[in-house]
Amino acid sequence: QQQVKQSPQSLIVQKGGISIINCAYENTAFDYFPWYQQFPGKGPALLIAIRPDVSEKKEGRFTISFNKSAKQFSLHIMDSQPGDSATYFCAARYSGAGSYQLTFGKGTKLSVIP
Amino acid sequence: KAGVTQTPRYLIKTRGQQVTLSCSPISGHRSVSWYQQTPGQGLQFLFEYFSETQRNKGNFPGRFSGRQFSNSRSEMNVSTLELGDSALYLCASSSAGGSIEQYFGPGTRLTVT
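Respectively, the protein sequence lines represent chains A and B.
Note that the numbering used here gives residue 87 to position 87 of the first sequence, counting from 1, and the numbers run on in steps of one.
Note that the numbering used here gives residue 22 to position 22 of the second sequence, counting from 1, and the numbers run on in steps of one.
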């Protein structure tokens with residue numbers, strides 16, 4: 001119930017292409033869905049986040065698409081650049097009885113080749 | 001504004017020992033959360049502190065504990081270390097708590113031998 005399933009595990013995209021990472025969840029008590037980017041040797045950095053009452057959010061080249069009925073959300077990276085090569089994590093926040101907890105997907109290692 | 005800082009960055013300990021990790025949140029942030037990151041399990045939530053009170057706790061044994069001080073700095077302690085405790089321990093701070101807009105530190109890499 002607390003799981004967030006992320007796919008693919010790894011992704012290779014040509015420079016200028018679109019990178020798409022998908023996540024699925026089961027628990028309808030999740031109420032906040034952030035994406036994090038992590039470079040080797042660094043902590044994850046918040047990239048973009050969405051709440052379930054919104055179907056899409058765009059910030060620069062990064063877009064989250066959210067499908068509440070299917071319990072799925074995805075990250076699209078437009079015009080992918082070699083500097084985008086990193087590991088991406090989706091997450092979902094559980095809110096219940098005054099308790100909040102982020103559950104993370106297992107991560108997607110993105111490689112953007114020139 | 002300075003980011004989240006964690007000390008030490010690297011640590012090697014022996015099984016059975018205990019360890020204390022430190023986290024200084026972004027100035028003005030009152031919430032600190034701790035996570036364990038391993039290749040097999042990914043990022044797992046340990047606990048969250050807000051205004052010196054533990055508000056949330058993940059599914060970890062009692063050997064893992066923490067505290068938060070009045071200046072919002074937080075420490076995490078692991079007693080009776082096991083080989084499986086080898087991981088990157090990440091601290092994240094946020095202004096409002098509740099896991100919204102968390103900013104992570106670089107982590108402490110703990111190796112248990």
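Derived from the structure by calculation, the hints contain no laboratory data.
Heads up, the beta-carbon is just placed ideally off N, CA and C, and yes, glycines get one too.
Please note that a few of the clues may not be correct.
[As the list claims (entries may be wrong)] Computed list of lysine-lysine pairs in BS3-like fashion (alpha-carbon distance at most 27 Å, straight line): (1) B:Lys13 - A:Lys68; (2) A:Lys71 - A:Lys109; (3) B:Lys13 - A:Lys71; (4) A:Lys57 - A:Lys42; (5) A:Lys5 - B:Lys57; (6) B:Lys57 - A:Lys42.
[As the list claims (entries may be wrong)] Now the in silico label distances, taken between C-beta atoms and shown as ranges: (7) B:Glu52 - A:Ser7: 14 to 20 Å; (8) A:Pro114 - B:Thr38: 28 to 34 Å; (9) A:Gly60 - B:Lys13: 38 to 44 Å; (10) A:Ala29 - B:Ser86: 31 to 37 Å; (11) A:Ser99 - B:Pro61: 17 to 23 Å; (12) B:Ala96 - A:Val54: 15 to 21 Å; (13) B:Pro61 - A:Pro114: 32 to 38 Å; (14) B:Pro61 - A:Ile18: 30 to 36 Å.
[Unchecked claim] Beyond 12 Å from chain B on every Cβ pair, some chain A residues (computed): (15) Gly17; (16) Asn22; (17) Glu26; (18) Asp31; (19) Ser69; (20) Leu102; (21) Lys106.
Verification of the supplied hints:
no. : hint                           : result
1   : B:Lys13 - A:Lys68              : violated, 45 Å
2   : A:Lys71 - A:Lys109             : holds, 23 Å
3   : B:Lys13 - A:Lys71              : violated, 42 Å
4   : A:Lys57 - A:Lys42              : holds, 26 Å
5   : A:Lys5 - B:Lys57               : holds, 22 Å
6   : B:Lys57 - A:Lys42              : holds, 24 Å
7   : B:Glu52 - A:Ser7: 14 to 20 Å   : violated, 40 Å
8   : A:Pro114 - B:Thr38: 28 to 34 Å : holds, 32 Å
9   : A:Gly60 - B:Lys13: 38 to 44 Å  : holds, 42 Å
10  : A:Ala29 - B:Ser86: 31 to 37 Å  : holds, 32 Å
11  : A:Ser99 - B:Pro61: 17 to 23 Å  : holds, 19 Å
12  : B:Ala96 - A:Val54: 15 to 21 Å  : holds, 19 Å
13  : B:Pro61 - A:Pro114: 32 to 38 Å : violated, 46 Å
14  : B:Pro61 - A:Ile18: 30 to 36 Å  : violated, 43 Å
15  : Gly17                          : holds, 26 Å
16  : Asn22                          : holds, 16 Å
17  : Glu26                          : holds, 17 Å
18  : Asp31                          : violated, 10 Å
19  : Ser69                          : holds, 24 Å
20  : Leu102                         : violated, 5 Å
21  : Lys106                         : violated, 5 Å
Checked against the numbered hints above, the structure violates hints 1, 3, 7, 13, 14, 18, 20, 21; every other hint is satisfied.
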